[in-house]
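From first to last, the protein sequence lines stand for chains A and B.
The first sequence begins at 1 in our numbering and counts up by one.
The second sequence begins at 1 in our numbering and counts up by one.
Please keep in mind that the hints were generated in silico from the structure rather than gathered at the bench.
Small disclaimer: the values here were computed from a predicted structure and weren't measured.
Everything hinted at is true.
Listed below are the simulated EDC-like cross-link pairs for lysine to aspartate or glutamate, each with C-alpha atoms no more than 20 Å apart in a straight line:
| # | chain 1 | residue 1 | chain 2 | residue 2 |
| --- | --- | --- | --- | --- |
| 1 | A | Lys315 | B | Asp75 |
| 2 | A | Lys231 | B | Asp146 |
| 3 | A | Lys300 | A | Asp252 |
| 4 | A | Lys50 | B | Glu133 |
| 5 | A | Lys311 | B | Asp75 |
| 6 | A | Lys151 | A | Glu173 |
| 7 | A | Lys276 | A | Glu265 |
| 8 | A | Lys311 | B | Glu133 |
| 9 | A | Lys108 | A | Glu76 |
| 10 | A | Lys311 | A | Glu49 |
| 11 | A | Lys227 | B | Asp146 |
| 12 | A | Lys315 | B | Glu133 |
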Amino acid sequence: MKRFAALLLAALVVASAPLASQAQGTKKSLALVTNAAADFWTIARRGVEKANKEHPEYAMEVIVTGQATAAEQRRELDNLLTRGIAGVAISAIDPKNSTEILNKVAGKAVLFTTDSDAPQSNRVAYIGTDNVAAGRQAGEQIKKALPNGGKVMLFVGTMDADNARERVQGIKEALNGSNITILDIRTDGVDFAKAKANVQDALARGGVDCLVGLYSYNTPQIYSAVKEAGKAGQVKIVGFDEDPQTLRGVADGTILSTVVQQPFEFGYQSMIDMIKYMNGDKSFIPANKLIIIPTRVIDKSNVAAFQQSMKELLKK
Amino acid sequence: MAKKELGLLGLLLAVGAITGVLNPRFLSAVNLLDMANLIGLFGIFSIGEGIVIITGGIDLSVGSMFAFLGVIFIDLLTNHSVPWPAAILLTVGAGIVLGVLQGVLVTRAKLQPFVVTLCGLLIYRGAARYYTEDATMGFGYGDDYDWVGWLASGRSWGIPHSFILLVVVALAMWVVLHRSVFGRYLFAIGKNEEAARFAGIRTNAVVAGAYVISGGLAGLATVLLVFYTNSVSPSSFGNFYELYAIAAAVLGGCSLRGGEGSILGIVLGTALLQVLQNLVNILGIPSSLNFAVMGTVILVGALADRVLQQRRARAVAHAGTPELRAGTAQVGETR
Chain A
1 MKRFAALLLA ALVVASAPLA SQAQGTKKSL ALVTNAAADF WTIARRGVEK
51 ANKEHPEYAM EVIVTGQATA AEQRRELDNL LTRGIAGVAI SAIDPKNSTE
101 ILNKVAGKAV LFTTDSDAPQ SNRVAYIGTD NVAAGRQAGE QIKKALPNGG
151 KVMLFVGTMD ADNARERVQG IKEALNGSNI TILDIRTDGV DFAKAKANVQ
201 DALARGGVDC LVGLYSYNTP QIYSAVKEAG KAGQVKIVGF DEDPQTLRGV
251 ADGTILSTVV QQPFEFGYQS MIDMIKYMNG DKSFIPANKL IIIPTRVIDK
301 SNVAAFQQSM KELLKK
Chain B
1 MAKKELGLLG LLLAVGAITG VLNPRFLSAV NLLDMANLIG LFGIFSIGEG
51 IVIITGGIDL SVGSMFAFLG VIFIDLLTNH SVPWPAAILL TVGAGIVLGV
101 LQGVLVTRAK LQPFVVTLCG LLIYRGAARY YTEDATMGFG YGDDYDWVGW
151 LASGRSWGIP HSFILLVVVA LAMWVVLHRS VFGRYLFAIG KNEEAARFAG
201 IRTNAVVAGA YVISGGLAGL ATVLLVFYTN SVSPSSFGNF YELYAIAAAV
251 LGGCSLRGGE GSILGIVLGT ALLQVLQNLV NILGIPSSLN FAVMGTVILV
301 GALADRVLQQ RRARAVAHAG TPELRAGTAQ VGETR
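All chains should be built: construct the whole structure from the sequences, respecting the hints.
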């Protein structure tokens, strides 16, 4: 019994540590819920930090969905509701099947979606990329990489997420009518080693002219696999997002270009807009409830300046 | 080579031959060497896992250990400018320390290995994510580590270094497991821990030793895996890798009840798992079927093994060897 009591005491001490830090003050709290753990969200976090500096009267936090599953997000949202959250911006992992929980959140707090939208839910607005447009941009880059046509293979974490589906849709739209065909889409379940093995297998199998990485970690894995196979320059690469290795590849010419989103703006604007909305200002919301932050193409011409700005943002 | 390993080798060759016929590029040097690299990466920690399983235990923590040790390793190199030999030693050392902790909890506190290492799985994963604030750790913009990267994930004479290291580790562990007193003790404890203790074996020390080996090999594998992916996402790095290790060990003839298994079997089991993943890509089978293909082939292999065992047992029974007649239900390999 004594032993049990000691164990219980230890458990209580451990459990109370985070409680103590949460209990301080009665600031309204806002949260950004991510769909995975990535540098992408570190940059968004910088945006949230900037917003928090401008609005210190709110408590802002970034909740990282490490396992990248809809189930984990559901649990996080339930926890946030229990704690009485005032506003949530979320990158929904499985929007179609999460409508119920999202509406539960929307009923009790201000709900925005960012990065990955959930259009069927009662969210106030979506702040983020138009992933179909981003896909089209990438599609144009693929055409530039393969002026005489060829075969493309796409690499992505999972195809459950709408942002992956939409990027693929955009790429398909852009390639429609050209003599470029999409051989296959390989998924890796967000396992980096598997992502790289997928690329190596594609190179070993052969018959592919251009590799496209749809998620931020896919492009660096393509880059290192292609370089190690000694096929830099022979196989074209088009990517998404701004991993340091991706930018390195763009700078050294192995990667033709990468389509980048502006996660800093996602983090910053979702916080600022939630505060505006809570204060009764709804004028910033367009009729279609989509606040689009455009994507940019980073290629050899502008990569140096972009790398510099990234270093600034990711500095601790 | 025991019958079980021969059977596994046969399955491996059969799967390889079928895939090779369907797409000859499967047997191209490039593809075989890529696979050798992955077999090296996964084989090293699968051997550690197998040794724990042989004692009748299990180590569920290795996947999370990769994330935890991986972020520490990158942090030491990039943020604390620790020289790379020291960083590698510290990482392997940290793996050994975690192994000691788990070994002590299993043997001294008498907790079940499943519980101890399940808690390890949760704690190390959480620690890794907290340590990095969930950010992906990488080598950043520079190429200062290209040389160590080459050492850990490069190739010499075309052979991937990870595979060379696996051969070295496998030979060393083969001696430990099959040619040393310690190895005999591991098997004895796995068969019957109480009997081993009454026979005068210091079972606690031996069992703890198995967890130390597993931790140390996990530390070594961490370094290789980090340089394979060049970055560590603390939440997903190494996720489920303990299951690959357990599957490799069990495929290779380790019994989850303990007391059975061999190094060669574990390496062959790892090879089969990697071949299965590779063939999905080479044959252009949809990625979504990856795990289903793996599961099906393992199941077929296990069933075939079972049927062959029973047939052998029946044949032996018919032959009328008296000492085996009583044990027709289960004829284990006693080496």
